[in-house]
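Undergrad: Read off the chains here:
Protein chains: 2
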Amino acid sequence: MELIKEIKTMQKISQKEALGNKTIGFVPTMGYLHEGHLQLVEKAVEDNDTTVVSIFVNPTQFGPEEDYEEYPRDLKRDLDLLRERKVDYVFYPAVEDVYPEGYATYVQVEKGTDVLCGRSRPNHFKGVTTVVSKLFNMVRPHRAYFGQKDGQQLLIIRRMVDDLNMDIEVVACPTVREEGGLAMSSRNKYLSPEEREAALVINQTLQKAREWIEKGERDGWEVKKKMEREIKAEPLATLDYASVVSRENLQELGEIKGPIMIAIAAFIGSTRLIDNVWLEVN
Amino acid sequence: MELIKEIKTMQKISQKEALGNKTIGFVPTMGYLHEGHLQLVEKAVEDNDTTVVSIFVNPTQFGPEEDYEEYPRDLKRDLDLLRERKVDYVFYPAVEDVYPEGYATYVQVEKGTDVLCGRSRPNHFKGVTTVVSKLFNMVRPHRAYFGQKDGQQLLIIRRMVDDLNMDIEVVACPTVREEGGLAMSSRNKYLSPEEREAALVINQTLQKAREWIEKGERDGWEVKKKMEREIKAEPLATLDYASVVSRENLQELGEIKGPIMIAIAAFIGSTRLIDNVWLEVN
Numbered sequence: 001m002e003l004i005k006e007i008k009t010m011q012k013i014s015q016k017e018a019l020g021n022k023t024i025g026f027v028p029t030m031g032y033l034h035e036g037h038l039q040l041v042e043k044a045v046e047d048n049d050t051t052v053v054s055i056f057v058n059p060t061q062f063g064p065e066e067d068y069e070e071y072p073r074d075l076k077r078d079l080d081l082l083r084e085r086k087v088d089y090v091f092y093p094a095v096e097d098v099y100p101e102g103y104a105t106y107v108q109v110e111k112g113t114d115v116l117c118g119r120s121r122p123n124h125f126k127g128v129t130t131v132v133s134k135l136f137n138m139v140r141p142h143r144a145y146f147g148q149k150d151g152q153q154l155l156i157i158r159r160m161v162d163d164l165n166m167d168i169e170v171v172a173c174p175t176v177r178e179e180g181g182l183a184m185s186s187r188n189k190y191l192s193p194e195e196r197e198a199a200l201v202i203n204q205t206l207q208k209a210r211e212w213i214e215k216g217e218r219d220g221w222e223v224k225k226k227m228e229r230e231i232k233a234e235p236l237a238t239l240d241y242a243s244v245v246s247r248e249n250l251q252e253l254g255e256i257k258g259p260i261m262i263a264i265a266a267f268i269g270s271t272r273l274i275d276n277v278w279l280e281v282n
Numbered sequence: 001m002e003l004i005k006e007i008k009t010m011q012k013i014s015q016k017e018a019l020g021n022k023t024i025g026f027v028p029t030m031g032y033l034h035e036g037h038l039q040l041v042e043k044a045v046e047d048n049d050t051t052v053v054s055i056f057v058n059p060t061q062f063g064p065e066e067d068y069e070e071y072p073r074d075l076k077r078d079l080d081l082l083r084e085r086k087v088d089y090v091f092y093p094a095v096e097d098v099y100p101e102g103y104a105t106y107v108q109v110e111k112g113t114d115v116l117c118g119r120s121r122p123n124h125f126k127g128v129t130t131v132v133s134k135l136f137n138m139v140r141p142h143r144a145y146f147g148q149k150d151g152q153q154l155l156i157i158r159r160m161v162d163d164l165n166m167d168i169e170v171v172a173c174p175t176v177r178e179e180g181g182l183a184m185s186s187r188n189k190y191l192s193p194e195e196r197e198a199a200l201v202i203n204q205t206l207q208k209a210r211e212w213i214e215k216g217e218r219d220g221w222e223v224k225k226k227m228e229r230e231i232k233a234e235p236l237a238t239l240d241y242a243s244v245v246s247r248e249n250l251q252e253l254g255e256i257k258g259p260i261m262i263a264i265a266a267f268i269g270s271t272r273l274i275d276n277v278w279l280e281v282n
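Sequence lines, in order, name chains A and B.
Residue numbering for the first sequence follows the numbering used here, beginning at 1 and increasing consecutively.
Residue numbering for the second sequence follows the numbering used here, beginning at 1 and increasing consecutively.
These are computed hints drawn from the structure, not numbers from a lab.
Among the hints, a few may not be true.
Since the list gives no way to pick out one identical chain from another, each pair is judged satisfied if it fits inside one copy or across any two copies.
[As the list claims (entries may be wrong)] Derived lysine-lysine pairs resembling BS3-like cross-links, with alpha carbons at most 25 Å apart: (1) K12 to K225; (2) K12 to K22; (3) K126 to K111; (4) K149 to K224; (5) K16 to K86; (6) K189 to K12; (7) K215 to K232; (8) K111 to K189; (9) K126 to K226; (10) K8 to K22.
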């Protein structure tokens, strides 16, 4: 396994692999890897000749009041985990190389980015689509792997890839959960034991919503209201949103129908967590 | 020479060429080709194994009051001219394939795009950088050729290519001029004989400005004022702007120094024309 820090070196490697007709699988991460990331990595290794994992805590997707500085980092542990999974290249560029002085270009999906997480995190998805575009141009992957846990992000990246005619297959992988159902996240590290227990309300509420819908509920506002009530009943939780949206355009649904996503974001103590469930509703 | 209309077909061809280690030269155009385009094409043919010319009148770079519908088109003539120059592929995608229903993604350079042409044509450069990004992903060129006549466009595309880490060499080619010095443009077709004569004032003013600076003038506002006076003295001309800007950030210069661009945009009758001169000033 090779650790690559220079963008130009990464591009040369990708070029050489492409000339050799090798497929490149790519897993972009912000590091501090958990089992969710590792399942993406294992799938990439399985599907492709060459696997590249990037570790880059991207400043442009954090708001000014958010946890960019405190975001957990542990490169040595990450490298050990990736070496075990037989990753070929770990790409670890420096912030000042990714965003040099005078940097001015942004990639933006203008639909579905101002709702759900985009409402409380303005410019978050603009930062995400910009850095993913850049990483795609550095790594030139055939397939890129994203977790379903960041459901809105996944749908927005799919839209960007389609819209900009990037010749890349976006592979979605199921959310990996801790015991009790809490979705794995690098931010779970922030939780106290009591908060970790309280955080279970998020997935439990999603599962209840799934059941309501599976039993025939088709009123999106009713499901939303009942989910809000569940989250608010947990004293350590502060609701950001609970929504039933279309997976086609991320808009909230009055009538539940088609490919949908049920999504919740809530602060548990001061830690913001998200989770979602996907359903096909006839 | 092959005419390609399907995006997927274009991508397959590019992929095959890349696998064969062939370099691709790319000239994006809106068609209605003149000698300026053809010099870009000849340079691309000379520099590369394979040359692709796209013809696509891009709706997103025209304002609502602009000449998108009336923009001159003559595919048959264009194809004849390109065949003579030994172009390998002409890429001619349909608008509804480039911007399908639900399209939502834009690439935007956020510095230097609200000045000069960007002031009177809001969203113009957003349309340009978006379509060029898309075409780059369709054609996957090693080198892309742009005319210096659209100086601001060239500098903005360079910034985008650098910022987004596109592994593409942007080649700038000198402005080609008609007799008398009028910069070649597809829009020159709109000019009556009197207007064509009047349009010479644009380049003549640029040449005067160059002389003033070469003779030692370093006050950007003074050069601007004198250029404005020259254009206003032509009864058929309506000034849009006359500016001395830095080529590094496209900002107007009070003190003329470094790599500069002297640029003018003016309506001659109802036809908007642009031209510019580049200088290195110590």
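Undergrad: All hints are to be evaluated individually against the structure, with a verdict given for each.
TA: Cross-check of the supplied hints:
1. K12 to K225: neither (53 Å within a copy, 49 Å between copies)
2. K12 to K22: both (14 Å within a copy, 16 Å between copies)
3. K126 to K111: both (11 Å within a copy, 16 Å between copies)
4. K149 to K224: Within one copy only: 19 Å inside a chain, 56 Å across chains, cut-off 25 Å.
5. K16 to K86: within (20 Å within a copy, 29 Å between copies)
6. K189 to K12: Neither: 36 Å inside a copy, 45 Å across copies.
7. K215 to K232: Answer is within; shortest intra-copy Cα gap is 23 Å, inter-copy 75 Å.
8. K111 to K189: Classified as neither: same-chain Cα gap 32 Å, cross-chain 39 Å, threshold 25 Å.
9. K126 to K226: Neither: 31 Å inside a chain and 43 Å across chains, both beyond 25 Å.
10. K8 to K22: both (19 Å within a copy, 20 Å between copies)
The earlier numbered hints that this structure contradicts are 1, 6, 8 and 9.
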